[in-house]
Amino acid sequence: MRLPIRIIISILIFLFASLSFAQEYSSELAVPNSEQPKRLFLTDLYLQRGIPSGDNFAGNGLKGGVGYGIRMQFYVPKNFYLGAALTQDFMSVSSTAIVGEYARTTKFNAYFFAGYDYRLNEDWNITADLGYGYSQNKNRQSGSQGGGKFRDSGNVLRFTSSLEYNFSDGVSFFFSPSYELVSYNIKSAVALNDTFNNASYLNLAVGMRLNVRDYRTIPLGKSENQDLQELQSRDRADLSIKEKRRLYFLKKKEVTRQRKERKNNKSLL
Amino acid sequence: MRSPNKNVNILNYFYATIINLRHLSINYYCMRKLFLLLLPILLVSCEARLENDVRALFKTRVVDVSGNPIANMEVSATTYRTNRFIIGQELSKFSPADEDFILGKGITNENGQVEFVMLIDGSFFINFNTENYAANKISVSRQELNDDYLLDIPETVLKAASNVQIEFVNTSGTTEEYTATFEYESLDCGLIYRNNTLTQDEDCIFYTMQSTRFNSTSDDGIINLNVFYPSIIEVQFTDAVGNESIRTFTITSALESYEITY
Numbered sequence: 001m002r003l004p005i006r007i008i009i010s011i012l013i014f015l016f017a018s019l020s021f022a023q024e025y026s027s028e029l030a031v032p033n034s035e036q037p038k039r040l041f042l043t044d045l046y047l048q049r050g051i052p053s054g055d056n057f058a059g060n061g062l063k064g065g066v067g068y069g070i071r072m073q074f075y076v077p078k079n080f081y082l083g084a085a086l087t088q089d090f091m092s093v094s095s096t097a098i099v100g101e102y103a104r105t106t107k108f109n110a111y112f113f114a115g116y117d118y119r120l121n122e123d124w125n126i127t128a129d130l131g132y133g134y135s136q137n138k139n140r141q142s143g144s145q146g147g148g149k150f151r152d153s154g155n156v157l158r159f160t161s162s163l164e165y166n167f168s169d170g171v172s173f174f175f176s177p178s179y180e181l182v183s184y185n186i187k188s189a190v191a192l193n194d195t196f197n198n199a200s201y202l203n204l205a206v207g208m209r210l211n212v213r214d215y216r217t218i219p220l221g222k223s224e225n226q227d228l229q230e231l232q233s234r235d236r237a238d239l240s241i242k243e244k245r246r247l248y249f250l251k252k253k254e255v256t257r258q259r260k261e262r263k264n265n266k267s268l269l
Numbered sequence: 001m002r003s004p005n006k007n008v009n010i011l012n013y014f015y016a017t018i019i020n021l022r023h024l025s026i027n028y029y030c031m032r033k034l035f036l037l038l039l040p041i042l043l044v045s046c047e048a049r050l051e052n053d054v055r056a057l058f059k060t061r062v063v064d065v066s067g068n069p070i071a072n073m074e075v076s077a078t079t080y081r082t083n084r085f086i087i088g089q090e091l092s093k094f095s096p097a098d099e100d101f102i103l104g105k106g107i108t109n110e111n112g113q114v115e116f117v118m119l120i121d122g123s124f125f126i127n128f129n130t131e132n133y134a135a136n137k138i139s140v141s142r143q144e145l146n147d148d149y150l151l152d153i154p155e156t157v158l159k160a161a162s163n164v165q166i167e168f169v170n171t172s173g174t175t176e177e178y179t180a181t182f183e184y185e186s187l188d189c190g191l192i193y194r195n196n197t198l199t200q201d202e203d204c205i206f207y208t209m210q211s212t213r214f215n216s217t218s219d220d221g222i223i224n225l226n227v228f229y230p231s232i233i234e235v236q237f238t239d240a241v242g243n244e245s246i247r248t249f250t251i252t253s254a255l256e257s258y259e260i261t262y
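Which chain is which? The protein sequence lines are R and W, in order.
In this text, residue positions in the first sequence follow this note's numbering: the first is 1, and each later residue adds one.
In this text, residue positions in the second sequence follow this note's numbering: the first is 1, and each later residue adds one.
Check each hint, because a few of them may be wrong.
To be verified - Below are the DSSO-like pairs computed for lysine-lysine, each with C-alpha atoms no more than 27 Å apart in a straight line:
id, chain 1, residue 1, chain 2, residue 2
1, R, Lys149, W, Lys59
2, R, Lys38, R, Lys244
3, R, Lys251, R, Lys263
4, R, Lys149, R, Lys187
5, R, Lys149, R, Lys78
6, W, Lys59, R, Lys187
7, R, Lys78, R, Lys251
8, R, Lys149, W, Lys137
9, R, Lys263, R, Lys253
To be verified - Residues of chain R clear of chain W, computed beta-carbon distances all greater than 10 Å:
id, residue
10, Gly54
11, Asn79
12, Ser92
13, Thr106
14, Phe108
15, Glu122
16, Asp152
17, Ser161
18, Leu181
19, Val206
20, Arg236
21, Lys252
Claimed, not checked - Going by beta-carbon spacing under 7 Å, a handful of chain R positions derived as facing chain W:
id, residue
22, Leu40
23, Gly100
24, Glu101
25, Ala103
26, Arg104
27, Gly148
28, Phe150
29, Arg151
30, Val171
31, Ser188
32, Ala189
33, Asn193
Calculated directly from the structure, the hints in this document are not laboratory data.
Backbone N, C-alpha and C fix where the C-beta goes; we use that ideal spot for every residue, glycine too.
One chain only, chain R, in its complex shape:
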């Protein structure tokens, strides 16, 4: 298994382990997300399976493999978001007669995107975005072919959707199908133009979403302690780092307390 994939898997396992403990804690609090704080920023880490498709050199001559990616996005008003992403996919050549005499390729994408985040219910979100950027296939021959390297570069237009399950305010898991259309800058004989001008890829990804939320937007009712009110009443610029941290966690605690209260009320009814 390749080193980057091993690193990604290790990170995911580590995060999953952390999440398991977090789950234990939040289940104790029984948090429904009806008043989930608004997202400010998030980072996606995911593994994906790239599937070359269509009647082109990738669809007919490449075989998909496992890849990975990272996306970062920040939120603008009304649940719209903007972001940037990097992906890398490892593919092998299934037909040298179609793609040319090489054995494997690593597809790299770097693109910007804009999209919309829609909250289905307390636990589920769906997102959809459209991205555009740079794409490059780094191709490599096998030893018997000579071990040469070369690249095919172009521009990628990528539509990405995701179905997300919120485990806690901070962490969620998602499944993300995406479709990308790459227009390559490959100079070729006229008879090969249709084959090498464009290629399309379908990607199926699973990953982890790490959220940074805005707890300041959550209104506080009767405070459970005076600290919170006192800290809130003071000018934020005057707070020390320690006090800011305390304020953040008190707000978070207050939110979960309110949710727990609502859930109990529901169950009584």
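Based on the hints, put chain W in the right spot on chain R.
Positioned in the frame of chain R, the structure of chain W alone reads:
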């Protein structure tokens, strides 16, 4: 009580240890610097690159000298050519090993037609990978692909290989040493595709065999030549006083032998 000599020895030992440690740290420092210097060189120097963002198309129809299509034959494009001279085995050469690339390959159909997608890395050779026709090589320069990235050779006529033995037989009993030269279509000379035309490489140094001496010993009169056929071999031999004789042989099969008496 410790003697003064013993104290001096301990001091010397201590001093030597410090010096050694200092050397070690200098060595470590130098090694680290060397490693940092070598790292980018190692990362950059291993790149064996082909041309980026290009695919060419090669197509031809392969026939024998009678015009019959040659079917099911592998045709390949490489940056190197192979030769069987020296030890009679295929040697991959005429380019450094790290620039030896297979650029593309295909199989001829029943009409002898073949076409394949080709990568590009400067000038290249078209090879015909069957035993009978393996010696046929076409040399193509990068310019021939032009901007249309198409190499279309309408028809490639391949000649088979023949082993010809020529024996000089001394019937006159002369003891004079003779000199002979041979003009023939050597297997080590390829074809050249230039300006949309396929021609023989007239400048090939193997076209004319360098002069050979015979009749200096009793068994130096047998010469073996690897040639394409059908073709003509012209033998020119000269005696010690300058009398010149010429013989011409037409080669039409894979194994032929001739005698020249003098």
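For each hint, the structure was consulted:
no., hint, verdict
1, Lys149(R) to Lys59(W), "holds, 24 Å"
2, Lys38(R) to Lys244(R), "holds, 19 Å"
3, Lys251(R) to Lys263(R), "holds, 19 Å"
4, Lys149(R) to Lys187(R), "holds, 17 Å"
5, Lys149(R) to Lys78(R), "violated, 46 Å"
6, Lys59(W) to Lys187(R), "holds, 18 Å"
7, Lys78(R) to Lys251(R), "holds, 23 Å"
8, Lys149(R) to Lys137(W), "holds, 25 Å"
9, Lys263(R) to Lys253(R), "holds, 15 Å"
10, Gly54, "holds, 17 Å"
11, Asn79, "holds, 40 Å"
12, Ser92, "holds, 17 Å"
13, Thr106, "holds, 14 Å"
14, Phe108, "holds, 14 Å"
15, Glu122, "holds, 50 Å"
16, Asp152, "violated, 6 Å"
17, Ser161, "holds, 31 Å"
18, Leu181, "holds, 18 Å"
19, Val206, "holds, 33 Å"
20, Arg236, "holds, 46 Å"
21, Lys252, "holds, 46 Å"
22, Leu40, "violated, 39 Å"
23, Gly100, "holds, 5 Å"
24, Glu101, "holds, 5 Å"
25, Ala103, "violated, 11 Å"
26, Arg104, "violated, 14 Å"
27, Gly148, "holds, 4 Å"
28, Phe150, "holds, 4 Å"
29, Arg151, "holds, 5 Å"
30, Val171, "violated, 37 Å"
31, Ser188, "holds, 4 Å"
32, Ala189, "holds, 4 Å"
33, Asn193, "violated, 10 Å"
Hints 5, 16, 22, 25, 26, 30, 33 from the list above are not met by this structure, while the remaining hints are.
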